[in-house]
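Peer 1: Place chain Z on chain D using the hints.
2 protein chains.
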Amino acid sequence: QMGWVVRPCRGEDCGGGSPPSQELAEFEKLPDQVQINDQVLREDGFANDPFYRCLVAEVPPEYRSRDGHTIVGYGLYFFTYSTWKGRNIYMEDLYIMPEFRGKGIGKKLMSKIAEIGVENRCIEMKFVVLDWNQAAIDFYQSQGAVDLTAAEGWHFFHFKGDALVRLAQGQ
Amino acid sequence: QMGWVVRPCRGEDCGGGSPPSQELAEFEKLPDQVQINDQVLREDGFANDPFYRCLVAEVPPEYRSRDGHTIVGYGLYFFTYSTWKGRNIYMEDLYIMPEFRGKGIGKKLMSKIAEIGVENRCIEMKFVVLDWNQAAIDFYQSQGAVDLTAAEGWHFFHFKGDALVRLAQGQ
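The listed protein sequences derive, respectively, from chains D and Z.
Position one of the first sequence corresponds to residue 783 (this note's numbering), numbered consecutively onward.
Position one of the second sequence corresponds to residue 783 (this note's numbering), numbered consecutively onward.
Excised from the complex, chain D in its bound form:
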């Protein structure tokens, strides 16, 4: 049986070819949304007061991926807040390379993020899923997740680019 471990991401893990976040974007059919590189990821995640935290799943060198990677999945998270319920943990990304799926790696990454949340007194773990990704929705719901967009009507909005700049200028 192939061994693998889940461990906190280190700065030096960002680098060496296409990061898994690019693969995730391609899988989600939004590849042109990737606009940053490894250097920015390192600066934002591994300085004082980091903007995110990350766990990676790593296999031994003899089980490396066809592309030569030993990091075969990751889960990226951060703490958020609700004035109604207090501390939340937000799972921004959860990705396992296709050739490493079906081994429980995704479940373990998600479980570990939940554990970190509970240890930090978070009472919710939030995330977003694309509505066409039925395999992911089935998996999350089988673990007890609730679709708040369907249940309560929450829609996700953003300002970006020029609209954000105009808003910031009070226009």
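Since the hints were derived computationally from the structure, they do not count as laboratory data.
Keep in mind that a hint or two might mislead.
Note that identical chains are pooled: a pair holds if it fits in a single copy or bridges any two copies.
What the hints assert, rightly or not - Derived lysine-lysine pairs resembling DSS-like cross-links, with alpha carbons at most 27 Å apart: (1) Lys-889 <-> Lys-811; (2) Lys-889 <-> Lys-942; (3) Lys-811 <-> Lys-885; (4) Lys-894 <-> Lys-867; (5) Lys-889 <-> Lys-867; (6) Lys-885 <-> Lys-942; (7) Lys-811 <-> Lys-867; (8) Lys-867 <-> Lys-885; (9) Lys-811 <-> Lys-942; (10) Lys-890 <-> Lys-811; (11) Lys-894 <-> Lys-942; (12) Lys-890 <-> Lys-942.
Peer 2: Chain Z in isolation, oriented as in the chain D frame:
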């Protein structure tokens, strides 16, 4: 003309009766979701490494609300992250007491949060809105916001309570 200012929230602003977050929950028809109190808000927002940041809108004592409040609105936010796009600012709450609406206070709070985002190199400002709250949706869209649930299919999910604990225990 009634004066008002927007300023960063201070710990001592949390206290003295029903906080605006309770009013927001009642407005959004989810009043039973309020599960924390002023003390928790103070601990989580004003210690080292706070879980959130907040701006308040304040009127002079002579213009206080019918209930006696001088803080008549607030905008709560924090920084989040996208591995595709980098730093985000997330507007968790934006609330103005009904008797103080129509004066530009909400626009100013939202604009100031956007400004803080741009200053910190965020390229997106995210938030969620209830699908029945057409007045809010119209306001946000008039300022250039995009509904990502409608445009791309993102649904908002969570684990909470027993489901979160089971997940954290790896069950």
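Peer 1: Determine which of the earlier numbered hints do not hold for this structure and return their numbers in increasing order.
Peer 2: 8
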